[in-house]
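Asks: Read top to bottom, the protein sequences are chains Y and V. Note that the first sequence covers residues 1 to 320 in our numbering. Note that the second sequence covers residues 321 to 553 in our numbering.
Think of the hints as simulated: they come from the structure by calculation, not from any bench. Among the hints, a few may not be true.
[To be verified] Looking from chain Y toward chain V, a few residues come up when the C-beta cut is under 7 Å (computed): (1) 187; (2) 190; (3) 193; (4) 194; (5) 200; (6) 201; (7) 204; (8) 207.
The C-beta atom is built at its ideal place from N, Cα and C for all residues, glycine as well.
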Amino acid sequence: MRILPRTVSATVYTGFLVLLAIAPWIFSVIDEPFYLDLLSRGLILAVAALSLNLILGYGGMVSLGHAAYIGIGAYCVGIPAYYDFYNGWLHLGLTVLVSGLFALVTGAICLRTKGVYFIMITLAFSQMVYFTFVSLEEYGGDDGLVIYLRSEFPTWLSMDSPVALYYWIFTVLLITLFFIHRLVHARFGRVIVGSRFNEDRMQSLGYSTYRYRLSCYVISGVICGIAGMLLGNFTSFISPEMMGWTRSGELIFMVVMGGAGTLFGPLVGTAAFVFLEEFLSRITIYWHLIFGLMLIALVLFGKGGIHGWLSAFDSEEERG
Amino acid sequence: MLELHNVETFYGSIQVLFGITLTLDQGKVTTLIGRNGMGKTTTVNSIMGTVPPKSGEIRFNGENISGKPAHVVAQRGIGLVPEGRQIFPNLSVRENLIATAANFSKSSDSWDLDKVMEFFPTLKPRLGNMGNQLSGGEQQMLAIGRALMLNPGLLILDEATEGLAPLIRQEIWNRLQRLKQSGLTILLIDKNIDDLSKIADKHYIIAKGTVVWEGDSNALAAQPELKSKYLGI
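In isolation and in its complexed conformation, chain V is listed as follows (with noise of 0.2 Å):
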């Protein structure tokens, strides 16, 4: 569904990307893992078009989507969920929902206001509210829930469950695992190693800007030398 191939990203004259190249596949749960400073995040920027890349090509739905503004992007059908939620303070949670409404997958099934309310109940109550009003597992519901409603073929989370309590963390691990299962291709950064493994098919190691290893769970667990190598863990 989604290909990097030998992408390499600069922020002005610093490189920062060194030739990534890796492959998500229809209806699977993919991690980028790596440290903090790796280039998992600048990895996300350059699918978006927020930060082009240099050179190399990325490939979504075998259209080349490289170098394409990211309103372009998002309109093939690709909903980010970006590290520290980002969403919208100025506008309730009924706005931050309905203003991003849209069927890019051109999905059958779509995702509409109700559908989010059902899939993340605890936003329910809080529709009115402003965006800064709102806690931070509520934030990332409303920013999980904001992506859905472009009805995205894939959905990439970045930092899915950084800074909440272990409980709300929880939840959202369950409601990915449900998007999965609705056949959701998926691609997810997260610190939470032991939660990726249940979830993901695939992980890429990313370290220094390139990807230094990749494999399933089973791989990942078999090999507890990379997590102290690449993971510091």
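For reference, chain Y alone in the conformation it holds in the complex (with noise of 0.2 Å):
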């Protein structure tokens, strides 16, 4: 049986994913509780990657509309919030039940176009949903909505503290990982990998693509809710900013710059992206110049991503 992973980059992703299990020891040690407030946002930014990879990186589906279920995963735990409601089990069923129907409804329109029609549709949904809750004075508007106590679990799942908060968010991230490899090598998933290269081929052999997709659609924007739950729970503060068409274009940077269409390339891609962004804002204020200038350079040159990069030290017989 074998234990050690037999690749580079698995031994990377296998050690990167201790450092992260280990971390708040580390950063209690060294006293910098800082950094674990980083990490925290770094992985639930990490999740809302994965989920938007499974659809763009696996399924082709380039959507530039997906931090409006990270806004609806936010608001679901801030609504109940405000009228007293804080049992977390209902803020997970209502983010699961709202940000499914939304990507049912909106999968449903947006699924039957493709390329540049289905980016600016996604963008559009996206919007309308930032829009309405700009306009919802009832919740704070513009201004957002203050979130006093978290999501009440069961004190052996509480998230008051932050190390609980942490390893809540540590282990979605690892149930999302496992999640998304099963369901990729899955029948599944294969269908959706080979509807992106060739879809009519697909229907040719049986299969309602269409319906894959779909469905495919769902459980992307499912994950980023449950993203966008953890996010309102950790800033306690919501508002329609954390679903701005930006915010979608930065999972999409953070994917490819990981890697689309790989395992670990949206984790390693969000690390990076969140890394450069805190760092390089303390060296000059001009920092988005210099990030924009990384970014352009990775999408010319850095074909694969990190992952790509990381891949190439794997030799030929460790790849299998």
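Two chains, two frames, some hints: make the complex.
Replies: Below is the structure:
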């Protein structure tokens, strides 16, 4: 039985996950709690990026409206909390239901289009949600809403302390990674991947690709919604800004930077994105310019993203 | 088993098929032959539902499948090996086969991965390779294997041996002969008339979107002028 990872990239990813698992301990030893917050935020975005990767990387559906699900998930915490409903299961159930329904309805329409039309229509739906929440003055409108208490779960599942919340997020990340891995390697995933390359061919093999792609879109929306629920709890403040189209663009960059259509690509892409965002902003106030240039260079020269670079170290034999 | 009656198909406003009528009998091999651009592939696309006909009727096992979506046609038991093979390059050989496995004809002696490997032993050591890492012959074997994994009642091969080396071509013909002997109904499109004549029970010559001749291999051989007139040989 093989215990150790057999490729360089797998070793790096395993090491990365181990580091993430012990990160709270490391940050407490060096007395830098800020980094735990940074990491928590990064992992939430990683879950969102993983969900986008499911449709973008594996399914070839480039959505420029995925941040809407982050907002929906966050408001599924914020609005019940506004009425003093803090039950975590309620928040989670509401998130799954609302983000799933929204994905089902919008996906049923969006997936009738392709290419640039798909991008535009997902953006349009996302902006629709954005402006809906901007106009809801009851829930703070443009100013947003403060969440005074985090979602309440049984004690052993509590997310009250920063470390407990971090492990909540980390567990959701691990479950998401495992779930997506199983999903894309099952027949369902193979149909999605095959459809990205040749949808007509997949239909000629007896698959209603529309239904498969719609199911994939809904699953992706629900996962991203859960990321939004975590973000709402993490920031204790929600606003329509969470679902702006620039956030959707950032998610695409995270996926592309890490390696679209790979399991760990979006995770390392998000880590790199958050790291660069944080540390470049300390160097200069013009960090957006440097960041933008780096992203352009990555798109032009970094085919396969970070995962592509790491895979270059995997020998042919190891890759199997 | 499959009947096309007066099928007319258009690409936009351009008519390509002008009343195609043909019949495929159970367990027989039928060919569609003709020059490029005469409507052979469009006939296949009309059958599969990827380019639905505007008028006419397509009946498969007595059911009108004309205009039905491609996935429904495939589920009725029609397997297609398309022109250019169109295997999924982003899936491994195993995934190409497994992802499409189904038993649409509800046959008891169904095709599975092991049976395909036995039928095409060349593919066995290549199971882990991606689709785009195969040679042309291996890709064609994979495309046929993938169609067989659907356990179809009718197998359609569009340009069955196009672009293949003579040895590989011969291997494909041998395999098709075995499929014929197993009782599978086959519709073949190819340019190698001599090879087609050895395997086929019936031929249809298509010219300008309509059937201009039909007959068996003996009749085709007896009228060499057909080849020069309609096939440019």
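Asks: A separate judgement is required for each hint: does it hold in the structure or not?
Replies: A quick look at each hint next to the structure:
1. 187: At about 5 Å, which falls below the 7 Å cut-off, the nearest Cβ of chain V leaves the hint on residue 187(Y) intact, so it holds.
2. 190: holds, 3 Å
3. 193: Residue 193(Y) check passes; min Cβ-Cβ to chain V is 6 Å, inside 7 Å.
4. 194: holds, 4 Å
5. 200: holds, 6 Å
6. 201: holds, 5 Å
7. 204: Hint holds; residue 204(Y) Cβ to chain V Cβ min 5 Å, cut 7 Å.
8. 207: Interface hint status for residue 207(Y): holds (5 Å vs cutoff 7 Å).
Taken one by one, the earlier hints all hold for this structure without exception.
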